[in-house]
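Work out the full structure, taking the sequences as your base and the hints as a guide.
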Amino acid sequence: MTAQPTPVLLVDVDGTLIDSYPGIRESFIHGLTANGVDLPPEETIRGIPGPPMMDTLRGIGLDGELLDRVFTSYLDHQTSTGWLNATPFDGMAGLLDRWRDAGVRLSTATSKSEVSARRVLEKFGLFGRFDVFAAAQEDGERRSKAAVIRHALEQLGEPSATVAEGGPTSRDHILLVGDRIHDVEGAAQFGIRTVLVDWGYGAQDEHDRAWASVPDTAALGRLVDGWLRDPAAQGAQG
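With the numbering used here applied, the sequence shown closes on residue 781, and no number is skipped along the way.
Here are the in silico distance ranges between beta carbons for each label pair:
1. Glu697 x Arg643: 12 to 22 Å
2. Glu585 x Glu728: 23 to 33 Å
3. Ala645 x Phe667: 20 to 30 Å
4. Thr624 x Ala776: 40 to 50 Å
5. Gly607 x Phe670: 33 to 43 Å
To be clear, the hints were calculated from the coordinates, so they are not data collected in a lab. Every residue gets a Cβ at the ideal spot worked out from N, C-alpha and C, and that includes glycine.
Here's what the structure looks like:
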């Protein structure tokens with residue numbers, strides 16, 4: 544009889560474990576105003592948590608030296624004071640403990656910088672609950688969600704090739720828990736399904752593209768319990 548692989552949960556940070564939007568917003572506005580850049584519409588600002596900040600800045604039309612200056616100003620503010628303006632979402636610490644007790648291997652999978660992610664997780668007592676820490680590099684190529692997921696898989700000893708590179712087309716024993724479309728798209732490159740949480744920053748059309756969507760931590764706990772019993776089960780919305 545073939546042994547079943549150990550279940551793995553990849554967990555996003557911003558909008559999933561931590562409500563970091565207030566601090567990210569402050570740092571984003573600081574980065575722009577410190578370099579004489581006009582602020583975009585509020586709707587655009589509300590969408591900044593989740594994707595890599597360089598992608599967000601390019602999306603509002605910045606490039607070249609100005610892009611680099613704004614990003615540096617954002618990062619300096621975020622790593623000095625912005626990261627402090629955050630709070631953990633109720634119930635998530637308990638779920639991490641519950642999953643660990645059930646034998647699940649836990650890894651972060653965040654586009655947040657390594658310094659900021661580690662600081663905020665340690666501040667709220669969450670860092671030590673993870674077997675693997677995977678975050679974006681401040682200076683380096685690991686910035687996209689897909690690159691972070693690859694890094695997590697490598698540390699977990701899982702095949703790290705994407706589907707396009709000949710990797711597994713499905714990995715029933717792995718789920719990613721996140722809140723944005725970038726989580727869905729990044730995980731899909733590796734044949735990994737995604738659960739999006741309603742308390743994060745994603746719009747409804749992003750949730751519609753996920754394997755499953757949950758309204759609260761109680762529902763997330765029930766969904767993961769069901770997945771542990773039957774990893775190949777279909778997802779659920781709502």
